[in-house]
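K.L.:
Chain residues, written in single-letter form:
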Amino acid sequence: MENLLAGAEMLMRWDVMLALFIGSIGGVVIGAIPGVGPAVAIAILLPATFSLDPIVGLTMLLGIYGSSMYGGAIPAVLINTPGTAVNALTSYDGFPMTKKGEAHRAVSIAYSASFWGGIFGILCLILLSPVLAWVAPMFGSREIFLAALLGIFLVILAHRGQIMAAGMLAMFGIFLQTVGLDAVTYTQRYTFGFSFLSSGINLIVVVLGLFALSQAFFLLTKPDSTPDAKPVSGRMSVGIKELLRNKRVATVAASFGVILGMIPGTGEFTAQFMSYTYAQKTSKTPELFGNGSPEGLIASEAANNAVPAAAMIPLLALGIPGEALTAMMLSVFYVHNVIPGPQLFQNNIDLVYGLYLALILLNVIVFVFLLFSTNLMTKIIRVPTRFLGVMILVLSFVGVYSLRNSLTDCMIAAAFGVLGLILKRLNLPIVPIILGMVLGGIMEVKLRSAMPRLKTPLDMIDRPIAFILFLMILLVIAMHIRTLFREYRAPATNADHDIHDTQQR
Amino acid sequence: MLRFQTLQQMFQRYRRPGDIVFAWLALAFAVFMLSQLWDQTAWRNGQKLIAQPRFWPAVSLGGMAFFAALHLIGSMVSERIEGRWREVLTWVRALEFAIWFILYAVLVPFVGYLIGTVGFVILLTLRMGYRSRLMLISAALIAFAIVVLFRTLLHVSLPAGQIYEALPDGLRQFMLTYF
Chain A
489 MENLLAGAEM LMRWDVMLAL FIGSIGGVVI GAIPGVGPAV AIAILLPATF
539 SLDPIVGLTM LLGIYGSSMY GGAIPAVLIN TPGTAVNALT SYDGFPMTKK
589 GEAHRAVSIA YSASFWGGIF GILCLILLSP VLAWVAPMFG SREIFLAALL
639 GIFLVILAHR GQIMAAGMLA MFGIFLQTVG LDAVTYTQRY TFGFSFLSSG
689 INLIVVVLGL FALSQAFFLL TKPDSTPDAK PVSGRMSVGI KELLRNKRVA
739 TVAASFGVIL GMIPGTGEFT AQFMSYTYAQ KTSKTPELFG NGSPEGLIAS
789 EAANNAVPAA AMIPLLALGI PGEALTAMML SVFYVHNVIP GPQLFQNNID
839 LVYGLYLALI LLNVIVFVFL LFSTNLMTKI IRVPTRFLGV MILVLSFVGV
889 YSLRNSLTDC MIAAAFGVLG LILKRLNLPI VPIILGMVLG GIMEVKLRSA
939 MPRLKTPLDM IDRPIAFILF LMILLVIAMH IRTLFREYRA PATNADHDIH
989 DTQQR
Chain B
4 MLRFQTLQQM FQRYRRPGDI VFAWLALAFA VFMLSQLWDQ TAWRNGQKLI
54 AQPRFWPAVS LGGMAFFAAL HLIGSMVSER IEGRWREVLT WVRALEFAIW
104 FILYAVLVPF VGYLIGTVGF VILLTLRMGY RSRLMLISAA LIAFAIVVLF
154 RTLLHVSLPA GQIYEALPDG LRQFMLTYF
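Sequences listed follow chains A and B, in order. Numbering of the first sequence is given in the numbering used here, commencing with residue 489 and proceeding in unit increments. Numbering of the second sequence is given in the numbering used here, commencing with residue 4 and proceeding in unit increments.
Okay, chain A solo, but in the shape it has when bound (with noise of 0.2 Å):
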């Protein structure tokens, strides 16, 4: 009780409440707007987050990551364009409801879905914790490097249909973050002779050009469009009620959210997906789904607001982030100097309990002003898509060139935007290139430092924890593989390709 009274205290600072407020509001317009969703705001603010204290720096860019989902609920219900890329099922069911002419229905169930999906993902966080801080600490280097092992397959495996291409671009962001100098040895790794690669090659730098320089190049090449979304007019508190009706599928879906989002690699699409289809097994109207069912509505929205919540857990509790958006929430608290990981429950309990309060505040702030603002938001996402890239090239020239001051980080920054239009257009993943940077990183320092103990390899799983991650390793690869045999029997051809579409990113 004493440590959640800490956190409240951490939190009662007007530059905290701002950065909330501001990170919260603006969250939700990133997320309406299409073609910017909250990896790209994220990417864009990270290095202006560095020079705030963590607890504000972490609350802004938590309260982006938070309140999208929310805002990009709107155009896939009104315009049956997701506003992230995390909001897809949600159009398969909201924009029908919109053409059936229930569109204020259809948000005020989206919101309310997502607020329930969001809080339900927070308690579980704050009842977990107990638990965290004692199976923290059990976690050695062993233990983690298996767990960022476990990470790469997971986000290799989850990329269902291109799992060559993820393979491969998890082994490139591994690749990546080995050049420069080797901090133990000494000896240049791939730098052919340039200084500039000494360092080696900026995480910062990369996910800017990943996501925000080449969403703006995307937007770029493209031809000029607006998004037209038409007021909606109506009731919000309808969608409450009819929450109320649906708690199961709620609950339900808020659980997928849960322990999807918990697992590295796997995170809202996933859980959305299951949540979905567990909730067209159940229902009594699955001929509904797909053409306005609340449920389905329901379903995908509680199961993707749940899932920040508790990717959050392996980040704050091992220092692993799950997906993109955490990978670059773990840069702030490095800069920081505050190491996520077992030793953060014990020494920054405070820090942990104020992010656990944010996300709740977060979450009420997002809800009561969606309830009254939804007309605006509709008036927001009318910017015009090359419009909206010059000003996303723009912004990223700050984030890019307040790292370092450096003219080379915009090069390499501008080069990894080519590659990034390149992956979205060809719809390639990009999030395996960050995850492989920074899992790759925790798998060499974590063997490395746990070598010293091994004298045989066997010695690596003879610890409880690192036998069950050892297990799950195992465990992942022959349900994969099962998967594989049984598709190969029974081939499903009706295939929703553009679903796992990364242009939304």
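I should point out that these hints are in silico values taken from the structure, not numbers from a laboratory. Nothing here was measured: the structure is a model prediction, and the numbers come from that model. Incorrect hints may appear among the rest.
In silico contact screen, one side only, chain A against chain B (beta carbon under 10 Å); selected entries [said to hold, decoys possible]: (1) 644; (2) 673; (3) 686; (4) 688; (5) 702; (6) 870; (7) 874; (8) 911.
Heads up, the beta-carbon is just placed ideally off N, CA and C, and yes, glycines get one too.
With chain A held as given, fit chain B onto it using these hints.
P.N.:
Chain B alone, transformed into the frame defined by chain A:
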């Protein structure tokens, strides 16, 4: 809708034009980097394999080459999609904007963040085909707001222009500090 892919589809993937070009480029990159392994990394005698500075580059590039080869095979056995080179041309067209970005980064330390940003936004807005007065004024105002937000209010580390040195004393200090 609920099951996306089959084993066959894993190799005969749903692809977009240009996939095979990217597959070739990725494989060539991985193989070239792998060929430089001995030149570009060191081997320390007496150290265990996993502690060698060469270990992780070798693992990652080996893995990348392996997956890139499979990705390429997947592309080669799939049906050819028209529009491959048109797609590659789009990638090349993106280079124009990469150059715009780099030129902007080169010019800002000379002309200052304020002039550089407002000028860059107006020029690129014109280049993107916007001609209306409303769009150009909006572009200039947003650019100015970005400068005020990041340089004046948040004091984010952005370059002050050399051009400011030519200004009179009081104004020079003001511009160097805030714009």
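K.L.:
If a hint holds in the structure, say so; if it doesn't, say that too.
P.N.:
Going down the list of hints, with the structure as the test:
no.: 1; hint: 644; result: holds, 8 Å
no.: 2; hint: 673; result: holds, 5 Å
no.: 3; hint: 686; result: violated, 12 Å
no.: 4; hint: 688; result: violated, 13 Å
no.: 5; hint: 702; result: holds, 9 Å
no.: 6; hint: 870; result: violated, 12 Å
no.: 7; hint: 874; result: holds, 4 Å
no.: 8; hint: 911; result: holds, 8 Å
Going down the numbered hints, you'll see the structure goes against 3, 4, 6, while the others check out.
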